[in-house]
Structure formats: structure tokens, C-alpha cells
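Visitor: Listed below are the residues making up each chain.
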Amino acid sequence: MTLSQRDLADVGVLIACALRPKVRPGADSDYLRLLVRYRSDVEYRNAVDSVLDGLDMRVLSDSDLGLVVGVRRESVFAYRLSDLPNVSGVADRLLVGLVSVAIAAYAFPTPADFDDDRVRWVSVEEVERFIREACDRLKRSPTEDDVLDEAWRSYDRLSPGYKADKGKGRARRSAASSPYWVAMVLGWMTDQGLARLTPTRGPEAYQLLERFRIQARELAGNATYEELAAIRRGEVMA
Amino acid sequence: VSEPWVVGRAVFDASFGDRVRVLLRARPVADAADNAGRQAWGEQGYDVVALSLAAIDAVIARQGFEQEVTYDETVLGLAGLAASSGPDRLHEEHLAVAGYVVDALLNRREREAPFSYAVSAFGREQDGTVRHKRGVVEFRLLTEHEDHRRGVNVLRASADAINALVGGLEFDVEDEQSAVELMLTRQLERGAFGQAEKAAERSRLLSVRYADELRTVLADTTRDIRTVFSQWAEQVPAQLERSRAHVEERLEGEARLLEHVRGALDAPDVEPEVAATAARIARLLEECRQRHTELHGRLVTARTTFLDEQTRQSFRPIGGLRNPDINDGVFLPLLTMAADDAAGPAETFAVLLAGIQSPKLVRFADLVDDLLAPRREARAEEPPEPDEELGDPDPPAVPPEVLAAAAAIVDAVELPARLSDLLLAVREATLPDGIDCDAVERLVVLAALWNYAPETMQDVSLAVDAATHVLGTTAAVDADGAQIGLPGWSGDDLIVAQDEHSLAQWAGSTGRDREAS
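Chains as they are written, first to last, in my numbering: chain E, 104 to 341; chain Z, 109 to 625.
Keep in mind that the hints were calculated from the coordinates and are not lab data. None of the values given here were measured: they were computed from a predicted structure. Idealized CB from N, CA, C, for every residue including glycine. Each hint should be verified, as a subset may be incorrect.
[As the list claims (entries may be wrong)] Part of the chain E face toward chain Z, derived, beta carbon under 8 Å:
id, residue
1, LEU111
2, CYS120
3, TYR147
4, ASP167
5, GLY173
6, LEU197
7, VAL222
8, LEU312
9, ALA326
10, GLU330
Chain E extracted, bound-state conformation (with noise of 0.2 Å):
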């Protein structure tokens, strides 16, 4: 049996509504017609899996969760940071990258909280706590002298100041501080759909959504080691 038109079309809707992460399938019929059919009808999900690597992409998740995929940073669908507000150099991407990585760290400490699918709670006040915490360590222990500016100490020179000042509404902060790169990060996830915000739980905070540990887990922590590793073994060879 080949696919038809008919099922070609529905790949491509398939496809949509995984581009849409904030689109759930209890929310959308056809959405969860689709996925119960990518996951037990081979041949489309063949189908749906080679027009996604042919954009740089892959599935990671097919759960109820909806079609969750990864992009490789090639692909036109990669984010591309410098689309945040105030972020232009490198030194402001090194900046997003390291709170992404601390935010990660902090809800899943060690391997085996991958396995745990139990809600994930931070807060702008604690990932800034954990990230200063991790700096200070750093700063008591030697340095080696090849070394001067290490990636910490971007994060490190940032002021801790948490408000500015008390304007009406909310609190507005400066690009100088820590806290607003904390927020900008938490802010950018929300509307990645990987966190959302629970004004209940107190102040700027988040809770980590399952799409979150899906992408770190099946994705990002694994392919950033593998870039360290590869650094790492540039460097011995030079």
C-alpha cells in the first residue's frame, strides 16, 4: 500500500500542528487523530519522519503530549537567539545559554531526575540563587593562570540587584543585572511553551513544563556534551 494525497496532506497537518508547540492534542481532534496514527501506522510515520529530516528535524516525543521534535541548528525552524530583545553579541548569547543550562541543572540535578516526570517548580529569585551560589564556589577555588575570563565570570560581573526600582506594575530591571537576564530566559521558555507562569506559587515563578524535559533530556544536554567532549579533545590535540 502506498500513501495517497490524502495521507500526504495529513503529514503535512501533522507537521503544523508539532510546529505549533503550545497547540495540545486533547485540545484538537484531528491533531490526536494524527498522532494515534503516526504512532501505529508505519508507513506514515515513515513518511512524516523523512519530511522532517529533510528540515533538519526529528521526532523526540510522540506522547499525548502531542509530536514533540527536535531541531538541528542548521534547520530554518532553529531558534536563533539573537531574535531576543536585547541580546545582540555573543557575550549577551553566552549569557542566555548559561541561565538555560543553570535552569536545567537546578530542576534536574542528577541523570535519574530525567526519569521523574513529577512537576518541576523555579523561581527567578532561586535559578539567580543557584547561579550566584555556583560562582561564588568558583571564585574560592584556584584558577589556572591560562585561564582569565572564564564563562562565570560574565555571569559573575552581572549586578544581583534584584529591583531597580519600584515603578507602578511590574518591576523593571536592568540589562546589567542578573534577575533580568533570569527573567528574560524564564520569559523566552514560557513563550517556547517549554515553562509557564504560576503567579501562585509567589513571585516570577515557573513551573517547568513536560516539553522541557523532553528537549533537554532527549536533545540538548546530550548534544552540548558532546560539543564540550569534541572541544575538549581539540584542545588535547593542540
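With chain E held as given, fit chain Z onto it using these hints.
Guide: Chain Z alone, transformed into the frame defined by chain E:
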């Protein structure tokens, strides 16, 4: 001489540690009852222990089903119970008590960490001296999970919580279940309905645990088949086969019991109390049967799941199979690298974590509008507003929940009213979970302002939609020079009326008031 200990030998038994653990399972509940004395309602005689058990029961009742119970539902249910124990107290207090109980079971005070207790283990050397070892017992009672389909958080009871209720040591679920069934049949035959109901309850708890065991095996298989590969060779198929035979037997047994209970209902001289109990048991059994039917379906497809996963995962890249070690493997190495080197991998993590970004196309009309718009002052320190991006086709800035909340509050206030009254109503209203009071306030103000003086720079249709959604289609707004006195806002205290006519009446009546005074 060989037995100088008054304590006897039991303390050295292998099962002693298990019994200590069983005893400790009740400790979080006891602690919660203890600490309740320090709450504002501590002296009002709410039974925290009973409420805790009720909470766990409520969670288990729907665990494993399509619609598991949410935090808010549990709190509301418990608040109902609290209300019947303190009928002359305020509803807020009942909610506070219920919230306290559920939070205690979740261990929210310690950020959902597992309950952890130091325990002693005793052993005996050859020469009779006693060896002491310190250990730690850790467990959770309730945990919160994301319901993938609905996106809400649901509660689940841990095996420890279920066991605490069943009240035994770790036992083989299947045997226990047959035992319960046997007991139930006997009890029914003897007409001991009160006890039979308890037994039916227990039978249901076991079904939940049983479904959980299967879920664990299947979840492990789907995640990384290699971790359970050896188990699938013999152990799991045998377990599945046994389970399937067992569930089929249970289904039959439950059908038979149901007959039995219904028979008791149809008996000519049945007492009303017995009839009520029998009806309750019948409902319970019906639920068990539903659960087992579903479980049976999953058991039958379990083998296919395994085969499918085997095919699927054989094509997965190796790196994706391990759980990453973010802390030691990524975070700390990144921090200690030279900033120039770290930027690349750090960005990789953020980009890969982010998932998808649909390429955004600039609409020419928007671009021209934006270019011609008066220059806004740069507000660099303002937190990011993602919706301000150029040509962003994203949905409106106001989430539908906030719209609905604002509309509901305005509905509840009698119009015409002053804007300050509406804002007060917002501040006093209990908003649904996840809705920011400030956002609702802002929306109400914006809707009123838009009605008063429509802004034409923005997308008009959206603004009209939002404003009519909140205030209604015919709403009319006017100012009479009165100033708003609410902290956080300034300017005219606008009058919001349902239509022009009532606005005019309001103006007339307040005019008369002023003349009268």
C-alpha cells in the same frame, strides 16, 4: 546468658526495617497534624489526619483514569469536608485548611522534596554484640504531574501512599487481590455489608497499584528499551501473561460479585441500610471493572509496544538514549571554560532546548506602518515583550483566560459603575489558577479606556473584540471629572454603563444627588 536483651529477637529480623518504614509512612501526616496548631485555624478542631487520608483516597479514586484529579479539585473537595466539620467558619478558612493538607502531603514546604527520616538498623555479631547502622528512609505521598492531553497539573499517589492506606507490607498484588475477592464473597454471603464495603474499597486500591506497575514497565520500555531488555526476555512476558490471565479472571469475578450484590438488592426483605451499602459496593465494583477492562486492553497491546519500540529505538542515535548529566557534564564545565569557548556550546543548549521557531515573515503593510510610526522612546531596561516584534503574527497579547476572568467580574458588578468599583471587584475576586490579578485589572482599564477614546494606531478589530468581550457590545463610558482613588492607578474615575441610555440616567441621577446635597 546468650539472650541478655530485654528487647527480644524481633529487632534483628530481616523484616524489622520494613516495619519501621511502614510506621514512618504515617509520620508526615502526624507532623502535619502537629504543625496545624500553629496555623490561624489551629484551634478550630479540624482533623488533619482524617482530611489527609480523605485527600489520598480522593486522588486514588481517579488515578490511572483519563481525567485524573487536579490540585484545585482536591482542595475544593476537602474544603467541603472541612466545612461540615466547622460549619460556622468562613469558606476561606475551609479552603486554607484543605490547601494546608494537600500541601503537606506534597511536601510543598520543602519544595516537594521526598519526606526523609533517619532510621536505625540493628544487627548482631557472632559474639552477641549489637551493631548499629544509621540509614535514611525516603518516600513521597502525593506528587504533581502534568496531564499531557489537557495541560493541567494532576495529583498522583505514590506506592507508599497507597500502601499506607492498604496498611500492609510490600505484598504480591495479585495474591492479595484474589484474597480480597474471596473475603468479599464470604462477607456478602454472611450479610456483613459494612465490612464488605471496606473490602471493596481495598480491592480498588490494589487495582490502582496494579495499573501503576504496568505503567512503569511500559514507560521504561518506551523511553529506553535497553534498560529493560533483559527483563523482556523472560520476566516481563511471563508477568504479562500471568497478569492477563489474572485480569480476565478478575473481570469475571467482578461480574459475578456484581451479580451477587445486585441479588442482595433484589431480595424481598432487604433492609434500607443494607440496600444502600450494596448499591455503593455495586458502584465500586463497576468502577473496578472499568479499570480492569482498560488495564486488559493495555496488557494485550503491551507486547506490540515492545516490538514497536525495538524497531523504533534501533534507529535512534546512541547519544539520545542516556539521560544527560546536566550539572556535572554541562553546567560546571561550561562555567569554567574560557568565555569565548563556552559561548558556542552554551548557545547550542539554548537553541536545541528551545525547539521550534517558525520563520517569521514581514508583512509589507506592517513594515510601512512601523516605519512611519512615531519613534518610541527606547526603554532598554523594560522586560522583554515578545509581542512587540516586527510583523509578529502571534495571537493577541491578552490570553483568553484573562479575557474570560475580566468579563466574568464585570458581569458580576451591577452597571453603571465607576471604574474604581470594577477594579476593586477584580482585586477581591478569587481568580482561577494561573491568572494574574494585575493583568485582569489592566485589561478592565484598557477596555474602559478604549470605549471612552478608541485608539486607532493598533489593530482595531482586536481591540474592539477585547473591549466588547469584557464590557459588552453596547457599553458606554464617560468621565465626569472625578478622580480615581485606587492605589496603582491615576486619572479620571470613568463611569462604565451597559448602554448610552443608562449612562445618561446615571449622569442625571448623580446630577440630582449633587443638587440635593
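Visitor: I'd like to know which numbered hints this structure contradicts. Please list them from smallest to largest.
Guide: The structure breaks hints 1, 2, 3; every other hint is satisfied.
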